[in-house]
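S.K.: Fit chain B to the known structure of chain A by using the hints.
Heads up: the protein sequence lines correspond to chains A and B, in order.
Going by the working numbering, the first sequence opens with residue 1, and the numbers climb by one from there.
Going by the working numbering, the second sequence opens with residue 1, and the numbers climb by one from there.
It is possible that some hints are incorrect.
Unchecked claim - Listed next, with one range per pair, are the computed distances between beta-carbon atoms:
#	chain 1	residue 1	chain 2	residue 2	range
1	A	Glu175	B	Asn201	41 to 49 Å
2	B	Glu311	A	Pro70	19 to 27 Å
3	A	Leu197	B	Asn201	45 to 53 Å
Claimed, not checked - A few chain B residues that face chain A, going by a derived Cβ cut-off under 7 Å, partial list only:
#	residue
4	Ala11
5	Asp14
6	Gln15
7	Glu213
8	Val216
9	Val220
10	Ser223
11	Pro310
What the hints contain is simulated information worked out from the structure, not anything from laboratory work.
The structure displayed is predicted, hence computed values, not measured ones.
Note that beta-carbon positions come from the ideal geometry of N, C-alpha and C, so glycine has one too.
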Amino acid sequence: MIRFEKVSKRFPGGHYGVSDISLNIESGALAFITGHSGAGKSTLLRLIALLDRPTRGQLLIDGRNIGRLPEKEIPAHRRRIGLIFQDHRLLNDRSVFDNVALPLHVRGFPVREVGKRVRASLDKVGLLKKEKVLPITLSGGEQQRVGIARAIVSRPPILLADEPTGNLDPELSHEIMDLFLAFNQLGITTLIASHDLELINKLDRPVINLHQGKLT
Amino acid sequence: MRITLTARLSAWFDQHRRSVNRSYLEMRRHPLATLMTLLVIGITLALPASLLSLLKITQTMTGDHQQSASISLFLKSGIVNEKALRVATDLEQRLQIDHVELLTSADAMEEFRGRSGFGDALDALDENPLPNVLLIHLLPDSSSIEIRKLAAELKEESITDSIEYDQGWIERLQAITRAIRRVVQALGFGLGLAVMLIIGNTIRLEIMNRRQEIEVTRLVGGSDGFIRRPFLYIGLGYGLLGALIAWLLVSILLMLLSGPLGRLAELYDTAISLSAFSLHALLLLIPIGISFGLAGAWLAVSRHLSSINPE
Chain A
1 MIRFEKVSKR FPGGHYGVSD ISLNIESGAL AFITGHSGAG KSTLLRLIAL
51 LDRPTRGQLL IDGRNIGRLP EKEIPAHRRR IGLIFQDHRL LNDRSVFDNV
101 ALPLHVRGFP VREVGKRVRA SLDKVGLLKK EKVLPITLSG GEQQRVGIAR
151 AIVSRPPILL ADEPTGNLDP ELSHEIMDLF LAFNQLGITT LIASHDLELI
201 NKLDRPVINL HQGKLT
Chain B
1 MRITLTARLS AWFDQHRRSV NRSYLEMRRH PLATLMTLLV IGITLALPAS
51 LLSLLKITQT MTGDHQQSAS ISLFLKSGIV NEKALRVATD LEQRLQIDHV
101 ELLTSADAME EFRGRSGFGD ALDALDENPL PNVLLIHLLP DSSSIEIRKL
151 AAELKEESIT DSIEYDQGWI ERLQAITRAI RRVVQALGFG LGLAVMLIIG
201 NTIRLEIMNR RQEIEVTRLV GGSDGFIRRP FLYIGLGYGL LGALIAWLLV
251 SILLMLLSGP LGRLAELYDT AISLSAFSLH ALLLLIPIGI SFGLAGAWLA
301 VSRHLSSINP E
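Pulled out of the complex, with its shape left as it was, chain A reads as follows:
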């Protein structure tokens, strides 16, 4: 489903985010990306979401090379991907409900459908009762779960998480990982960048290890 063929990302100034990466992630898989900070974990995810464009090689998603995707097709591409960040990227002037509803609004979902899906999504992450509050009033773990609810509300085929447990204690990290495992059970192809090796080792899933932008 996601296929890197000798992909490099060279930033202006000469620094390489990733270089000469080739790998294949099957549809429905759950894989971890590990490595030190600066090893290229984030860059790998950003390339898939076209937050950055590869400078060399081919990046194929469902057999289509997205490296040269025209600018105006990027929104449609991102709608197939749920993105989760370490810093949540929630909008603090809107309620939890409105935050989670945003991906449905950009797709033009009718109001009734939005309500149903948002609540279903919040229910899955255990925050159904918090739909009216502002994200800033929630704990770090809860905010991360709002971010996850937002990422899955549109039922995208791909889920990308960049250090989703970065700021959380081990117990909360476990809960978050369990959520990802549950979504993966539903067939969502999931990539999680993390340096929490202890947690990753317990889960026995494929691990992509990066060092200075290269596979090791």
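M.R.: Showing chain B alone in chain A's frame:
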């Protein structure tokens, strides 16, 4: 098929309703700043609009006069009324002349007595000093050149003592009005541009304020159109409300002017209708305001949105 179409339509309306709603909330979030911007827009639009309506008033005034353009032919003394009437009938055959009216010296005296208030003084006179006058009413579409030519011909007639016609001031006024109209049009264009830039700048600030929201919307796959929409609605809102304020300002000005202008019209013997709060003006101002608002918003959006991309 039918169901999906209605569902799509209602989703489309939902999306727009939400955009309008957000724009409204955004404008209400800083009520004072929004009000000040609206006032600036309103005043800027009101300036050319009020000048144009004043011009329109002078036009109706001078227009009225042209319609009733007439030549007064003062008859030589000693010409009897029968002769005068015969001449009048002859004159009515001419092309530019609508009809001819005989104002006898007695009629003229009556009118003068009534209007001037010199009644007592007139009684002291032994005989009526006023001449018989033929009031020659011209056809409304006669040009000033034709009128001048006719006047010259009439002056040569044997019965004519003197000729009087007061086209001069109307022509001058019309020439001045035309010149002022040009100025107002240029001014209107410039001020319209100013309104566009004011709205554009307001939208630019709005975009900067909502940078994070734009970034997140891009992350979840919001299209340019989706991101653009609320800003365009804000521009539209400013244009619409600014036009409304301009309309109110112009209407208030016209109301204040109705006294003095009414008196002026009376002096020139015409009726002017000062249309304060006229629907016509509103229907003219609103599309103008909306176009400037949308254009300004579009300018800001196309310049600044593309520069905001998620980190």
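S.K.: Kindly indicate which numbered hints from before are broken by the structure, ordering the numbers from low to high.
M.R.: Structure breaks no hint.
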